[in-house]
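What follows is the residue order along each chain.
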Amino acid sequence: MENLVPEVLQGSIRAMAKLITLVENEDSRSLEFLGAIYPHTGKAHVLGITGSPGTGKSTLTDKITAVLRQRNQTVGIIAVDPSSPFTGGALLGDRIRMQRAFGDPDVFIRSMATRGNLGGLARSTTDVIKIMDAFGKDWIIVETVGVGQDEVDIVKAADTTVVVLAPGLGDTIQSMKAGVMEIADLYVINKADRSGADALVTEVRIRVEQDAQIKARPWQTPVLKTVAVEDQGTESLVEAVDHHRKFLEESGKLKKVRWEKTRQETLSLLKEEISRNVLEKILGNGRFDDLIDDIIANRKDPYTSVKEIVETLFSDE
Amino acid sequence: MTAKKRIKVIMAKPGLDGHDRGAKLLARVFAEAGMEVVYTGLRQTPEMIVEAALQEDADVVGLSSLSGVHNYFFPRVVELLKEKGLDNVLVVGGGIIPDEDVPGLKDAGVAAIFGPGTRTEDIVKFVEENIPNT
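Residue numbers (my numbering), protein chains in the order written: chain A, 1 to 317; chain B, 318 to 451.
Keep in mind that the hints are not guaranteed to be accurate.
Unchecked claim - With a cut-off of at most 25 Å between alpha-carbon atoms, the simulated SDA-like pairs for lysine to any residue come out as follows:
1. B/401 to B/415
2. B/401 to A/136
3. A/43 to A/88
4. A/253 to A/84
5. A/18 to B/400
6. B/341 to A/5
7. B/341 to A/88
8. B/322 to A/253
9. B/423 to B/440
10. B/322 to A/84
As the list claims (entries may be wrong) - So the derived list for chain B, only partly shown, Cβ under 8 Å to chain A, looks like this:
11. 333
12. 351
13. 357
14. 365
15. 373
To be verified - A few chain A positions that, by computed beta-carbon distances, are all more than 10 Å from chain B:
16. 11
17. 103
18. 167
Simulated from the structure, these hints should not be mistaken for laboratory data. Heads up, the beta-carbon is just placed ideally off N, CA and C, and yes, glycines get one too.
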């Protein structure tokens, strides 16, 4: 296979699409390609859109994209939807709501299935962000799967995280819980023309005002209202994102956040590589399955056995 | 530790007819067969369909038409795919297609036409057996 990286850097959409597929499939050459891509990354602003299913994430993404396009900014969109835990297949339906962005050569939309990854993103989403970044997209919008309460991986991938809520999905207690409710740089109450919207705005504002952890942050988290299908409030939403971006840059926080992200990413790459190598060694000789037989027969226990394996592993070297 | 390559399908309805029950059913059938299916929705132009296939790096494009516009739209999609260098994409169609139109569509590069009553298993099998290995 030819090296796709130079073509991606020269702006070939086809090469970018193919490279994304390789990375998604964890092809043996993908690490090499990503390595070549890496020096060209770090220019795009990554905007994460998360929230429960049906709150309007895709429609908002479409409208935000339209605002950015009016400013002549180029946009890459990654829309994540779940894979079936039973068949591995997936129905990726976010594109339906992105009709306006469709057909604009400066908007690239890629649907991704989670392929068993928990946390709201696909495993390779951060790598796909890098590819779009290196390609030269000014903005990359990542729309997570419809999340419940605990899928917060988006914070690790995005510079600015928008949590989208809609009225009618639960009482005050929901807005008091941990997890997704804590990660927002911006809250958006979408479908704000429906009853209950103002009450929800109040609830979320109270959360923001009372949460010691959120309050301690130098950034004041705004709570905005939108009606995405009517294109109401999207302009102000993008302005609020601009504010956040400016805040990140001026406060020096962007540098800190990116340092922390780079550390996390490098660490998890290292962990993967170590576990791949070490597991090959341990599982290669078939003795592991004998051990499982011993554990089942109560001749050994898993806790002591694991400790023994690790000890022998390091005494060898 | 290579993740399994998954067949990626674009399901689209070109033209103006608003009947997408068949397209939606097939989208689910393909997903249940383990494929990743991008459903683009109703009223797609050939340009939109091909753009989606390009960006999503699709293996298959499934077209559904019930309004009699297949003789224009299906070959046009094949033609545009070729223009974009996507020669390797398998194009299949379904819906209400008169028998006498099928040979012409196949000549134009549509690999198969699945009319009403086709067993969904047969459609999945055809796709699995005919996607080009890239």
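Given the proposed pairing of residue 322 of chain B with residue 253 of chain A, does the C-alpha separation stay at or below 25 Å? violated, 39 Å
Assertion that residue 167 of chain A lies outside the chain B interface [Cβ separation over 10 Å]: The claim holds: residue 167 of chain A sits with its nearest Cβ about 26 Å from chain B, beyond 10 Å.
Given hint residue 84 of chain A paired with residue 322 of chain B - CA-CA distance at most 25 Å: It holds: about 15 Å lies between the C-alpha atoms, which stays within 25 Å.
Holds or violated: residue 43 of chain A with residue 88 of chain A, Cα cutoff 25 Å? violated, 34 Å
Mind verifying the non-interface call on residue 103 of chain A? Its CB should be farther than 10 Å from each CB in chain B. The claim is violated: residue 103 of chain A sits with its nearest Cβ about 6 Å from chain B, within 10 Å.
Tell me if residue 357 of chain B is really an interface residue toward chain A, meaning its C-beta lies closer than 8 Å to one of theirs. holds, 5 Å
Hinted pair residue 253 of chain A and residue 84 of chain A, Cα distance within 25 Å: violated, 38 Å
Are all beta-carbon distances from residue 11 of chain A to chain B longer than 10 Å? holds, 14 Å
Regarding the pair residue 401 of chain B and residue 136 of chain A, is the alpha-carbon distance no greater than 25 Å? holds, 21 Å
Can the hint on residue 373 of chain B be confirmed by a CB-to-CB distance to chain A that is less than 8 Å? holds, 6 Å
Checking hints one by one. Is residue 333 of chain B an interface residue toward chain A, by the C-beta closer than 8 Å rule? At 14 Å from the nearest chain A Cβ, residue 333 of chain B fails the 8 Å test, so the hint is violated.
For the pair supplied as a hint, residue 423 of chain B and residue 440 of chain B, confirm whether the alpha-carbon distance does not exceed 25 Å. Satisfied, since the Cα-Cα distance of roughly 16 Å is no more than 25 Å.
Hint check: violations occur at hints 1, 3, 4, 6, 8, 11, 17; the rest are consistent with the structure.
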